[in-house]
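K.L.:
Here is what each chain is made of, one letter per residue.
2 protein chains.
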Amino acid sequence: MPTQYQQLNITGRLANFARETGKKAGPFQGLYFNESDVYKWLEAAAYVFADTQDAALAHLVRDVVAKIVAVQQPDGYLNAYFIGEKTKLRWFDLKDKHELYCAGHLIQAAIAIDRCIGENTLLLAARRLGDLIVKTFGPSGAHSKGVPGHPEIEMALVELYRHTGDTRYLLQSTRFLENRGQGVIGGEEYYQDHLPFRALQRMYGHAVRAVYLNAGAADIFIENGDQSLLAALEAMWTHLSKYQVYVTGGIGSRRDGEAFGKDYELPSQDAYAETCAAIGKIFWSWRMLSITGDAKYADDIELTLYNAVLAGIGLEGTSYNYSNPLACDSMHRRQPWFAISCCPPNIARLLASITGYFYSTSDNEVWVHQYAAGTCALELLNGNTVNLQQQTNYPWDGNIRIQVNTEAKFSLNIRIPGWCDSGATLKVNGITWPEHIHPKSYCKIERQWSSGDVVELNLPMPARFMSANPGVSNLKGLVSIKRGPIIYCLESVDQEYADLDRIWLLNTPEFSLEDGQDVLEGMKIVLANGLVIETRESIEDDSLYAYKESSTPPSQTTRIAAIPYFAWGNRDYGNMRVWIRQI
Amino acid sequence: MPTQYQQLNITGRLANFARETGKKAGPFQGLYFNESDVYKWLEAAAYVFADTQDAALAHLVRDVVAKIVAVQQPDGYLNAYFIGEKTKLRWFDLKDKHELYCAGHLIQAAIAIDRCIGENTLLLAARRLGDLIVKTFGPSGAHSKGVPGHPEIEMALVELYRHTGDTRYLLQSTRFLENRGQGVIGGEEYYQDHLPFRALQRMYGHAVRAVYLNAGAADIFIENGDQSLLAALEAMWTHLSKYQVYVTGGIGSRRDGEAFGKDYELPSQDAYAETCAAIGKIFWSWRMLSITGDAKYADDIELTLYNAVLAGIGLEGTSYNYSNPLACDSMHRRQPWFAISCCPPNIARLLASITGYFYSTSDNEVWVHQYAAGTCALELLNGNTVNLQQQTNYPWDGNIRIQVNTEAKFSLNIRIPGWCDSGATLKVNGITWPEHIHPKSYCKIERQWSSGDVVELNLPMPARFMSANPGVSNLKGLVSIKRGPIIYCLESVDQEYADLDRIWLLNTPEFSLEDGQDVLEGMKIVLANGLVIETRESIEDDSLYAYKESSTPPSQTTRIAAIPYFAWGNRDYGNMRVWIRQI
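Going down the list, the sequences are from chains Z and P.
The C-terminal residue of the first sequence carries number 651 in the numbering used here, and the numbering is unbroken.
The C-terminal residue of the second sequence carries number 651 in the numbering used here, and the numbering is unbroken.
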């Protein structure tokens with residue numbers, strides 16, 4: 069939080085507000101949607117406050133909120149760019165100017181602050197802005213056919229409805245969704261505007277836009293129960309999982325347009341896989357999980373979080389990746405900030421709210437979706453509070469001990485991850501659970517719980533090879549290493565032979581584990597046997613082609629060390645590969 | 069010749085001439101530079117006549133020539149497109165409209181007909197057109213700064229000078245070269261117009277344009293001895309060979325712009341490698357060979373001819389490739405003709421004149437550049453005629469017997485190909501040549517020859533692996549098979565396992581040979597040991613990623629059959645690879 073706040077200051081993102089109230093001179097700084105980073109930071113700060121009760125942070129939040137609300141216009145309009153000399157351009161370019169996107173983030177921040185800090189200054193401003201949006205984009209508004217070029221307002225308005233009970237916000241969110249695909253903003257795939265929402269059967273265009281849109285549509289379904297929306301969402305999620313996702317859970321493979329590619333278009337070196345797209349997919353999968361209770365969505369959240377998202381932030385916690393290649397030969401370093409800096413505060417708000425993705429509740433059931441050491445107090449709809457304690461070194465170890473510290477009758481639904489396709493065992497108070505344990509599902513334990521009852525889940529976690537569908541032509545003959553939910557990678561700094569294209573994994577790798585050292589402390593390193601293949605490196609000429617004698621020793625064995633993919637690029641410069649040749 | 073003549077007829081290329089003289093009605097057919105195909109066909113027909121004395125072909129040539137000369141304008145202008153209603157557009161778009169390109173091909177055809185058939189009707193027309201070009205583009209002409217957007221006229225004008233002795237044509241060719249790189253036609257790399265010619269140190273832009281330009285510049289150097297031209301040509305040739313050429317000799321790797329890519333940008337599947345670009349490189353290398361006597365240029369002609377060019381024509385001789393990928397997964401078939409059909413008649417004129425690339429002569433020396441069974445009578449500058457007979461099954465066998473059927477003192481320079489890097493032996497009348505035999509050079513045998521003297525050259529020709537410089541990242545860990553000058557490839561139709569990405573060659577391949585059958589009759593097939601690698605093909609699900617168990621048998625051995633690359637795509641549909649994984 070402090071380093072990002074510094075960046076908001078340094079880069080003029082905060083000054084842009086002060087400028088509008090005459091407190092600072094000079095031109096607007098940076099891009100027209102820069103304020104969205106301020107709102108996302110505020111949202112993250114609110115979540116952090118909920119955990120830490122950090123008074124200094126709350127003070128900072130108050131200060132930033134004051135700057136924001138000071139620029140709200142008499143009619144409720146609030147945006148740091150489209151005021152002053154630019155007032156006349158309001159709502160003029162909905163396709164590309166991100167006004168409703170910024171408004172959405174303002175609303176989400178306002179709700180988070182109200183919920184976590186208990187202060188409603190920004191919420192009042194957000195409601196006035198929301199009311200203006202409803203008036204402007206409602207049936208009799210000046211822009212009744214308006215479509216936001218970058219989805220985000222959809223989720224925000226549904227949440228504002230949930231927080232306030234004002235159905236106008238829900239209806240307006242629905243209206244934005246229904247206006248799409250009519251060509252209002254040009255009908256381009258990039259904007260998911262080439263088809264009406266219900267006709268989408270796969271992911272198209274700009275990846276972040278696409279998953280934000282789907283998360284918003286899922287929110288709308290949750291509130292209005294329109295099954296045709298759910299059908300489109302499920303079709304898209306299924307297609308995405310079969311054809312368009314990286315082994316890390318990352319999405320949006322194409323740099324050009326930050327977009328989804330064709331089916332099976334999943335290049336490694338040129339992977340775009342924007343951090344924000346992975347985060348948006350978690351938003352979407354979380355809503356799908358809430359709707360369906362299908363464990364595949366919890367699996368996806370886990371995979372995406374530990375791999376595609378975590379790779380987006382440095383181990384020191386203050387540097388970020390915008391794109392996340394699966395192979396790299398450049399002098400890669402994460403950056404403290406970007407000109408378009410959507411990813412850093414997006415990681416912040418996801419990680420600061422991550423505990424919210426661990427459990428779900430209903431009238432008298434609890435779902436345990438994710439595993440990590442910690443305690444929780446969960447309020448059921450029937451009014452009972454369930455206290456749980458998880459003890460585990462997950463994801464480095466598959467032993468999870470859940471102690472129930474509540475006397476009550478309820479069902480505890482324990483997720484058996486899909487990655488654990490066999491051997492999972494469950495014990496309740498030391499007695500093996502009598503039913504079959506199905507991977508990628510929840511094991512339902514319904515009983516009268518006594519305080520001190522213990523559920524022990526054991527998930528065998530050997531290192532294993534993953535292979536890709538042969539449709540992904542660039543991955544033929546290659547494998548990646550996965551252990552539990554963690555995808556591993558090779559960095560040249562760990563290998564005896566630095567050229568990763570010369571290293572092939574053996575089919576019989578004799579995997580073993582080692583504890584990570586220094587910045588990798590706490591992680592498990594996977595060791596394996598491989599071959600170093602003789603290549604042209606050994607030919608001392610610069611000719612383009614040369615004979616390769618078959619009398620040359622073909623290869624020598626070598627010990628390979630693989631580190632968690634999310635930890636790549638944190639040490640000496642070197643190359644990286646997730647996918648490795650295998651013999 | 070007959071099938072191409074048919075295409076010239078069917079596609080309206082001949083009718084376009086008749087149309088202008090009122091003999092046929094209707095609009096101009098096809099693209100504005102279509103007549104260049106007619107001229108190239110005529111040039112090829114003249115060369116064929118020189119070998120065959122085919123009276124029917126000569127009759128056809130006369131008929132086509134009559135059609136062409138009938139449209140020549142009073143001022144000498146001759147073009148089937150820019151006359152009639154388009155007269156006012158003459159010389160209007162030198163950058164893109166190929167007028168001077170067409171004129172160049174007309175001139176080359178005219179010279180070939182005069183030389184081979186002994187008829188000068190088209191030559192007279194070509195001289196009148198050449199005179200108009202000299203007048204229009206000369207120092208006091210209306211277009212004195214003109215630059216041809218597609219080089220070709222440069223070579224043609226130098227040859228017209230050689231054929232007529234009129235130095236104005238040579239000077240005009242030089243003028244076109246000197247006008248380049250001044251931004252006259254926009255200064256784009258695509259047109260080799262971004263730099264003055266002497267500043268070019270590598271190949272840029274459209275590949276065919278680039279090699280035609282260089283062949284023209286080499287012709288100019290041969291006549292005017294301007295060393296600064298030669299320096300640029302040598303720098304470009306060296307850079308091309310080190311960074312921009314396929315193992316087949318093909319060039320112009322990038323489909324976009326039919327262009328040279330960056331250094332080491334040599335994709336296999338997406339290789340463009342236009343047939344015309346390979347042919348143009350032979351034109352250029354031939355001129356470099358004539359200038360320097362350096363055997364590397366003869367090596368390049370051989371490699372490019374047997375691989376990059378021959379792949380451009382079907383084994384039946386009537387179908388063609390425009391681009392020549394080095395890997396293919398599509399239902400590939402050569403085509404009888406194209407809308408832009410530069411390649412078919414270009415192959416025709418190269419193959420019909422191929423004997424012209426076999427020998428060079430000087431005052432009292434003979435150079436034997438290429439090997440194939442045949443006889444020749446070579447006139448030396450000192451007036452002697454040297455009769456030679458080659459007996460060989462080259463390129464399928466490295467034994468070459470050259471019998472001298474002349475009594476004279478002269479030097480016979482025998483090329484030792486660069487591909488034969490050791491073991492070559494030479495005997496003269498059964499006695500081993502006492503000096504060391506250097507690959508990629510000429511062995512000079514100076515003596516008083518008696519009729520019946522025999523030179524025996526033996527070039528060991530084992531099948532061998534080629535590897536690429538590690539700079540070509542997509543070829544790391546891959547090998548190709550080469551035997552003598554022939555590059556081999558795998559077609560799925562010949563393998564036990566059709567998926568070529570599952571086949572890896574062994575480091576100890578135990579190569580053996582087999583005679584080709586059916587359409588491959590006369591060729592040598594290379595057999596080798598390989599592995600069939602277990603891949604996801606064997607996993608019966610459609611998931612994007614799945615565990616790959618290391619208990620699976622990793623591979624099984626298989627016998628692989630490789631065919632000459634030039635013969636690919638002539639049998640059942642299937643996939644093809646030049647570069648294969650190797651363990």
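Hints are computed from structural coordinates only; laboratory data are not their basis.
Hints may be right or wrong, so weigh each one.
One copy or any two copies: either way a pair holds, since identical chains are not told apart in the list.
[To be verified] Straight line, CA to CA, 27 Å or less: simulated DSS-like cross-link-like pairs of lysine-lysine:
{"no.": "1", "residue 1": "Lys330", "residue 2": "Lys477"}
{"no.": "2", "residue 1": "Lys135", "residue 2": "Lys154"}
{"no.": "3", "residue 1": "Lys616", "residue 2": "Lys544"}
{"no.": "4", "residue 1": "Lys508", "residue 2": "Lys616"}
{"no.": "5", "residue 1": "Lys364", "residue 2": "Lys495"}
K.L.:
How would you classify Lys508 and Lys616 at a CA-CA limit of 27 Å: within, between, both, or neither?
P.N.:
Intra 49 Å, inter 18 Å, cutoff 27 Å: inter-copy only.
K.L.:
Taking 27 Å as the upper bound on the Cα-Cα distance, should Lys135 and Lys154 be classified as within, between, both, or neither?
P.N.:
Answer is within: at 19 Å inside a copy they meet the 27 Å cutoff, but 69 Å across does not.
K.L.:
If the cut is 27 Å between Cα atoms, do Lys330 and Lys477 qualify within a copy, between copies, both or neither?
P.N.:
Neither: 50 Å inside a copy, 69 Å across copies.
K.L.:
Up to 27 Å between alpha-carbons, please classify Lys616 paired with Lys544: within, between, both or neither.
P.N.:
both (24 Å within a copy, 13 Å between copies)
K.L.:
At 27 Å max between alpha carbons, let me know whether Lys364 reaches Lys495 within a copy, between copies, both or neither.
P.N.:
within (23 Å within a copy, 76 Å between copies)
The structure fails hint 1 only (numbered hints given earlier).
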